[in-house]
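Asker: I would like the entire structure built from these sequences, with the hints used as guidance.
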Amino acid sequence: MKHSDSISSIQFASIVTGTMVGISLLGLPRFVVQEVGNAAPIASLFGILCSLVGVVVVTMLGKKFPKQTIISYNKIVLGKFLGNFFNIILIVFFLLLMGLETRQFAEVMVGALLPSTPIQVSIFLIIFLCSVISFQNVSSFAFIHFFYLPLSIIPLFLVLIPSFRDIEIYHLLPIFGHNVSINDFLNGSLRIGQAISNFLVIAMIIPYMKNPNKSVKSGVWGFLLGGLIVFSLITITLGVFGEVTILEMFWPALVLGRMVQVPGEVLARIDAILIISWIFAVFTSLLSYFFFSVRGIAEMLNTEKHRVIKIIGFLAVFCIALIPQNIYEMYDYILKITTVGVLLIIPYPLLILMIAKLRKKKGDTI
Amino acid sequence: MEIVYDYGYLSHTTHAISKTIAWKEGMNMSPFFKKRTKKNKVPTIPESKILENSTKIISPKLEDNIYEINKIFQKNMDFLIRKFNLFGKTPAVLICLKSLVSTEKIDRDIIKLLQEGEPLSDPSQQVTQYIINNILYFSDVKEVSELSSFIKAISSGKALILIEGEEYGIELDVVEKEKRSIEEPATERVVRGPRDGFIEQIMTNISLLRYRLPVPEFQIEETEVGKRTRTKVAICYMDDIVSEDLLKEVKMRIDAINIDSILDAGYIEQFIQDRPNSPFPQVQNTERPDKVIGNILEGRVAILIDGSPFALIVPATFNQFYQTSEDYYERWIISSFVRIVRMAALIFSLTFSSFYITVLSFHPELIPANFVVAAASGRQGVPFPVIFEVLVMEFAMEILREATVRMPQQVGGALSIVGVLVVGQAAVQAGFVSPITVVIIALSTIGSFATPSYNAATAFRMLRFLLIILAGTFGLLGLAVGIMLVLNHMLSLRSFGIPYMTPFSPGNIKSLKDSIFRAPFYWLKERPAENHVRDAQRIGKKVKDTTKNNFLDNNGGDFDET
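Chains as they are written, first to last, in the numbering used here: chain A, 1 to 366; chain B, 1001 to 1562.
No wet-lab data here; the hints were simulated from the structure. None of the values given here were measured: they were computed from a predicted structure. Some hints here could point you the wrong way.
As the list claims (entries may be wrong) - To give a feel for the contact side, a few chain A residues facing chain B, derived at Cβ under 7 Å:
1) Met109
2) Ser131
3) Ile133
4) Phe146
C-beta: ideal position from N, C-alpha, C; glycine also.
Answerer: Take a look at the structure:
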């Protein structure tokens, strides 16, 4: 019997999409529109294509080292000291990202669903959910991603498709925006890169695939599906609300959800149901971050004691989530952290790939 | 019989040891062998002390042997020792436990023949051999020389004959156990389908399986579990379908059981399941032989236990727990519809009451405007918060259910009328609960009854309380977190290495055809892939394989071929 600790290509693609579709979606349209105005669709397309380079490079690295995770081949390519240094950066990045995105999630919860519940409760519940899952088995992680993907995507499309009739074409024109400078345009694309920089998680998973050689193809497909969701969300939100109105909202996508009417008057408002499916999406991306951190630390320390690491990670993330004083400060932190993230998803893997080529390092083939 | 069994036992253990070592060397941990850390060579069923003390060989002196056996069995009320003269001259003795043997057979077929038989003419021939070959007409006869195996045989219901001057005794199988007749199983009724069910005797159960699968590939292997009860446990499988690894794993887990008694299949189930702390059943049980055969043919392994009318089926995925054998006997559209109804009922029973709580106490904006008045007026005067109301009602429902199960059938009807109708109606009229709550609770309880598998339904009913508490304290977030906790647990569960949520995640299109939706037979060409079957094809492409006894022709009804 083929042991079940192997991940199929479809599961791999669903991990990429599931990780990308997450918390940032609610606020993302506003951030992009803030920078580039009406050029948001074009800018996001550009950002997605740039990040696609990152996906290809990361998966190619995975093909080159089909039995090692990023933690191991960092050490092989860059040497032990430098490799470990970058490993720590990666892990700290993911822990910080998880903490801040958890906070963002909790802010949405307080703002939209549970106004009188303390913010710590939401933070606690969602991190707790991530830390009760066993990371001993990589396949369980893949099963969870695969199972939740339709649950989080289908409701999203159910919101997006009825919104088509509310799109005003003049909201989207001119497609290159009003006097957008190259700098602004790149900044807008950068926002997209920041929002989806989390796909780096796949570098931790490729060695557990049934066939790591297929990782490039399925990684790209998963990324394109996630990219399509991001792109259509931004375009539709902009088309429905227009530049000016979006800038007045905190979470434009949530408002979009509130506008949806269900025929038959089963439930008066559908947005609560949407939020549940959004919680699924949030959970899968937070789980990916936590997976990366916990398994990364375990691999660095060469131990199997995931439980201890999980408890420490839980406390760390909880504290990080409570650092920002308010929602503005939180977004400030997130923008700073994710700028580092963009460096980690595109230039950094390219660098490693180049060094690996120069130093003629290669992992064991299967 | 015993010797064969011993060899089997040894080979299983060595298999297990080599397998564990192999797995430890391979770095990737499989969920399969996670728990097995060490393997000792101590036999799981040691010989009882009485047997150890008397490993003597049968002595030619009859009195000595009788003395030894008397020492052990004398006090028992059903112990029978019958002295007679073999062929009218040599003293001999027949020993057995009266309660387990058929006395009629002993009188007519053993003692009569031995007393009246012709003495052997050739003195060089052995007396026991002569008796077996020429006098007795028993099929299950053995010649034994060790006293210890003699004693073992007596306690398992065999009759023994010892003869003066002989170093061998004769062991005869005259066991006759009490058994009930074959009835329709009470737990798994069907509208359409076979009506026979398993009973307690393992041999009857095996015969129920055998006549349905009259092919040599159908194998039934036997072992003994339980230090004291020595319960016969048999595993049934199709030799050319079942995955070898699965078979080895099942044997290994059964061999590893070290307990004094096995009183029901449930004992075995609790020892061989993957995660003992999970609320979900990871082994399927059934009383229906047709269901067992269906599962065996899908590449699973069935475990029969002597003394239990339930067969266990491994591996079990969540998919199997809302299916019945009847789904395949009825036309596919009907079966698919019924399965969708069952699935909806299951989800209902898990989430309905907690969703009601969240909506009413946290998110009243979700209620449609027309309904707000009805919901509010129903709750007018109810002194408790919704969560308390629902919790109390759910708990009362559980009590009622448990009471109905334990009651004698004649009282059960009265109980349900008084409990459900009178108390429910009175509670609403007294302003204790709101009428909507009663409706919701009733729906969710009925939903759990619609699940064919009792243990899976119980798991969901238990988890419902967790969801109610979470939803009552944290609203929709709590509900979502609760649902995710349950789902994540199910997604990480495994039954004999097979992911529990199999056709859904990891996805498998072929198995998905036989999940919530039961596809027509011409779509189900292959056996479920998750069982790693060796022979995948189930439905042939041609009309029918050519057999000797086709109705029309020898070429499988292929008229066009000339």
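Asker: For the hint on Met109 of chain A, just tell me whether its beta-carbon gets within less than 7 Å of chain B.
Answerer: holds, 6 Å
Asker: Is the interface hint for Ile133 of chain A satisfied, with its Cβ closer than 7 Å to some Cβ of chain B?
Answerer: Holds, because the Cβ-Cβ distance from Ile133 of chain A to chain B comes to roughly 6 Å (cut-off 7 Å).
Asker: Given a cut of 7 Å on the nearest C-beta pair, is the interface hint for Phe146 of chain A held or broken against chain B?
Answerer: holds, 5 Å
Asker: Any CB of chain B closer than 7 Å to the CB of Ser131 of chain A?
Answerer: violated, 11 Å
In terms of the numbered hints stated before, the structure departs from hint 2 and from no other.
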